[in-house]
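Engineer: Given chain A's structure and the hints, the job is docking chain B onto it.
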Amino acid sequence: MRLTLKVWRQAGRSARGGFQEVVAEGVSPDSSFLEMLDGVNEKLEAEGREPIAFDHDCREGICGSCSLMINGHPHGPDDGVTTCQLHMRRYRDGDTIVIEPWRARAFPVIKDLIVDRSAFDRIIQVGGFVSVNTGSAQDANNLPIGKEVADLAMDTAACIGCGACVAACPNASAMLFVSAKAAHLGRLPQGQPERHARTRRMVAQMDTEGFGGCTNHGECEAACPKEIKMWNISFLNRDFLQASLSERSASQRAGDG
Amino acid sequence: MKLDAKIPGGPIETKWDRHRFDMKLVNPANKRKFSVIVVGTGLAGASAAASMAELGYQVSAFCFQDSPRRAHSIAAQGGINAAKNYQNDGDSIWRLFYDTVKGGDYRAREANVYRLAQSSVQIIDQCVAQGVPFAREYGGLLANRSFGGAQVSRTFYARGQTGQQLLLGAYQALARQIGLGRVTMHPRTEMLDLVVIDGQARGIVVRDLVSGEIRSHAADVVVLATGGYSNIFYLSTNAKGCNVTAIWRAHRRGAGFANPCFTQIHPTCIPVAGEHQSKLTLMSESLRNDGRIWVPKKAGDSRPADQIPDAERDYYLERRYPAFGNLVPRDVASRAAKERCDSGFGVGPTKLGVFLDFRDAIKRLSEPVVADRYGNLFQMYEQITGENPYKVPMRIFPAPHYTMGGLWVDYNLMSTIPGLHVLGEANFSDHGANRLGASALMQGLADGYFVIPYTIGHYLASTPIPKVDTGHAEFKRVEAEANARNRSLLAIKGKRTVDSFHRELGRLMWDNVGMSRNRADLEKTLARVPELREEFWKNVAVEGSADDLNQSLEKAGRVADFFEFGELITRDALERAESCGGHFREEFQTEDGEARRDDENFCHSTVWEWQGPGKAPVQHREPLSFEYVKPSQRSYK
Chain A
28 MRLTLKVWRQ AGRSARGGFQ EVVAEGVSPD SSFLEMLDGV NEKLEAEGRE PIAFDHDCRE
88 GICGSCSLMI NGHPHGPDDG VTTCQLHMRR YRDGDTIVIE PWRARAFPVI KDLIVDRSAF
148 DRIIQVGGFV SVNTGSAQDA NNLPIGKEVA DLAMDTAACI GCGACVAACP NASAMLFVSA
208 KAAHLGRLPQ GQPERHARTR RMVAQMDTEG FGGCTNHGEC EAACPKEIKM WNISFLNRDF
268 LQASLSERSA SQRAGDG
Chain B
614 MKLDAKIPGG PIETKWDRHR FDMKLVNPAN KRKFSVIVVG TGLAGASAAA SMAELGYQVS
674 AFCFQDSPRR AHSIAAQGGI NAAKNYQNDG DSIWRLFYDT VKGGDYRARE ANVYRLAQSS
734 VQIIDQCVAQ GVPFAREYGG LLANRSFGGA QVSRTFYARG QTGQQLLLGA YQALARQIGL
794 GRVTMHPRTE MLDLVVIDGQ ARGIVVRDLV SGEIRSHAAD VVVLATGGYS NIFYLSTNAK
854 GCNVTAIWRA HRRGAGFANP CFTQIHPTCI PVAGEHQSKL TLMSESLRND GRIWVPKKAG
914 DSRPADQIPD AERDYYLERR YPAFGNLVPR DVASRAAKER CDSGFGVGPT KLGVFLDFRD
974 AIKRLSEPVV ADRYGNLFQM YEQITGENPY KVPMRIFPAP HYTMGGLWVD YNLMSTIPGL
1034 HVLGEANFSD HGANRLGASA LMQGLADGYF VIPYTIGHYL ASTPIPKVDT GHAEFKRVEA
1094 EANARNRSLL AIKGKRTVDS FHRELGRLMW DNVGMSRNRA DLEKTLARVP ELREEFWKNV
1154 AVEGSADDLN QSLEKAGRVA DFFEFGELIT RDALERAESC GGHFREEFQT EDGEARRDDE
1214 NFCHSTVWEW QGPGKAPVQH REPLSFEYVK PSQRSYK
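Keeping their order, the protein sequence lines are chains A and B. Taking the working numbering, the leading residue of the first sequence gets 28, the next gets one more, and so forth. Taking the working numbering, the leading residue of the second sequence gets 614, the next gets one more, and so forth.
For reference, chain A alone in the conformation it holds in the complex (with noise of 0.2 angstroms):
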């Protein structure tokens, strides 16, 4: 196949940015995107010109680390599947692809089609954890979990931190991703202890990174390759409400006190 690709370039973190063109030619339509894009970095190599610059690691669809918006969608047009697996079969020759970068506040451009996504950890890092030390643990069948609570745990655990889902919003926000966190380990008896400061904190945390509002657009949803459900975002602004509804009865009785 040959392929017209109209790639985001950008030196650095404050450069200006612009699309380059560039002609992919026999791709095979057994490659995954991103191999048709070494093959494009390979031939600019030969050249003697920059490779296009962009993330990529596990390319099984786990690691999170691919993240590109193709023609206007995350990850590309396949539900539930991230860049790293979607392949040239599903192109025509001689179509044309425009490449960019997520694009947020929250995620500014490191180089070409790479973003910053350290917001992310530090949001999991103010919150997004059961506090339980290594050794403390008690034997793990006296804990029994519901098969039901336990799978619908793991269906928002399964988040892989990507951002398409911010990617996607127009508001930029990160909503899905947190509810995803929240809803892991707050449907889970692990998770009881924490539940309304983990939940105060990684919303706070969110604000502060500069990710916008969840205003029901419903883009994440469908833009995330794990398919977590919207309804982790009610969840999370439900357990937000009592979360901040107990913190202020809890500061009305230590001024009590």
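Source of the hints: derived by calculation from the structure; they are not laboratory data. Some hints could be false.
Taking lysine to aspartate or glutamate and the DMTMM-like style, the derived pairs with C-alpha atoms no more than 25 angstroms apart in a straight line are [stated by the list, open to error]:
#, chain 1, residue 1, chain 2, residue 2
1, B, K1151, A, E74
2, B, K976, B, D919
3, B, K1004, A, D57
4, B, K628, A, D166
5, A, K174, B, D985
6, A, K174, B, D903
7, A, K70, B, E1117
8, B, K1243, B, D702
9, B, K1106, A, E77
Structural biologist: Just chain B now, kept in the frame of chain A:
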């Protein structure tokens, strides 16, 4: 180089307990005075960094990915073993120990393996406490499945994403410590060299992958948890970034490298589709629980699978190994697939493939049950191949997946360089010549959560460690070397890309040092690798600058190290004139094609000592003794 494994005395069941008592402790108030560097944030690195920070040490952690959560442990699918005996099917610590020693074809250290089996039980407890959503039964208790090389169900799993969930557990524990200010995290930072001062590992030289800056970090002790080296084969199931650089550079600074030829070829991967292929995708071994492996009985039969009647199918694993059937260990399953394909019975467009068929499982269990167990794997297969495995059998072929070899470590997980500790896949310790399925996650977490937090204290409490900072001349010297190396890669301005060299090296290694090996091919390879390396240093094209984000330069540095390492792995394979586990030498096989071990001459780990560029390394041996599991011909018939 002196190899003292420091195995504690006494009966194997009490060695670890006694050793923990005998080891020196660091007073809680003094722990914060000690600094620890951890390189790599996979299961071993993240669990180690988090656990040591919880104890109070000052930890700095490094990963080349943009976030510690993306380390390649995340891609492990099938599960994690633990001797819980929740299924009441006769499992025990002793049985897991026995299975692991036997599965490793009697080339692992018994005392380490026993400790691993003991720790397995605590790992599951720890992970559940962190909120890892393991699969459960309707009664709310943990579910298990069986895995290759075992006759009990001891594998815990989270759908086909067990590695992801365990890594997120460890990542969250690490994130908590970062948030508390006890771990300083350095993402997008790659270790380029180890700094050894007065015989002790005292720090690392790294490259900031965003700014390109080369800088140093000093500490009292260094921990490497940087994974395996399967990417020497170019095509493997490893992530694209996985590399040998950290452990290779440590080897060049004096760390012994043990058994590099022990590499694992995983039997169930999606076959290669063409020249464009950049990596291979694993299909979890758990699929062999319900899928049946076969090829047509007639060589070259190209009818679609569903038109080949049962009588004309050869379920060759069930035929050759009736006791274990499709669940034989990985090395056995891989070789059997290669044998069928080499004999002309392979399937698919390249004829390098065998069928993994779920027809009978769907009939027996129903499609929804099969989907519940393996749905995400089936979806991944269809995405890659364009074929629906519910209707058409999967095609699979073996691919490089895991490396049992690695830096030599003693019972305390310390390498031959005092202060340099090595965890997880990066060390050589527990799997011998072949690793059983669902044991990599177990080992990474055992090392990180339950071994290093104790043994590091002993080293710090019992060793005088003078004060050193990054102003020391040795740091400056190593920094200058790293800088010079990058500048020379950029200055070559040759005609061939890094990838084209890597592909050629990988092909050479796969053809000659892959699934089966022989003297003539190994000797040829040993001569060819240095030629290719020389060409690389004359003709590689690396664009861009050293003072910027430059992925070509990153790759070039890693591939340059693979070129040096390629010689060592070949030499080790040549030296080991026996077949054992994943190391199959064609000259040493039984009449029916099984591996023939030579315990008289090779019951040892081979440990290599670097002598300088272009010089043959010196060989040392750690003899292995088996007091508890008597070596026998491994039979799965």
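Engineer: Against each hint, give a clear statement of whether it holds in the structure.
Structural biologist: Outcome of the hint check:
1. K1151(B) with E74(A): Holds, at roughly 18 angstroms.
2. K976(B) with D919(B): OK: K976(B) and D919(B) at ~14 angstroms, within 25 angstroms.
3. K1004(B) with D57(A): The hint holds at about 20 angstroms.
4. K628(B) with D166(A): At roughly 23 angstroms apart (the allowed maximum being 25 angstroms), D166(A) and K628(B) satisfy the hint.
5. K174(A) with D985(B): holds (13 angstroms)
6. K174(A) with D903(B): It holds: about 22 angstroms lies between the C-alpha atoms, which stays within 25 angstroms.
7. K70(A) with E1117(B): holds (17 angstroms)
8. K1243(B) with D702(B): The given pair, whose Cα atoms are some 23 angstroms apart, holds under the 25 angstroms limit.
9. K1106(B) with E77(A): It holds: about 12 angstroms lies between the C-alpha atoms, which stays within 25 angstroms.
Checked against the numbered hints above, the structure violates none of them.
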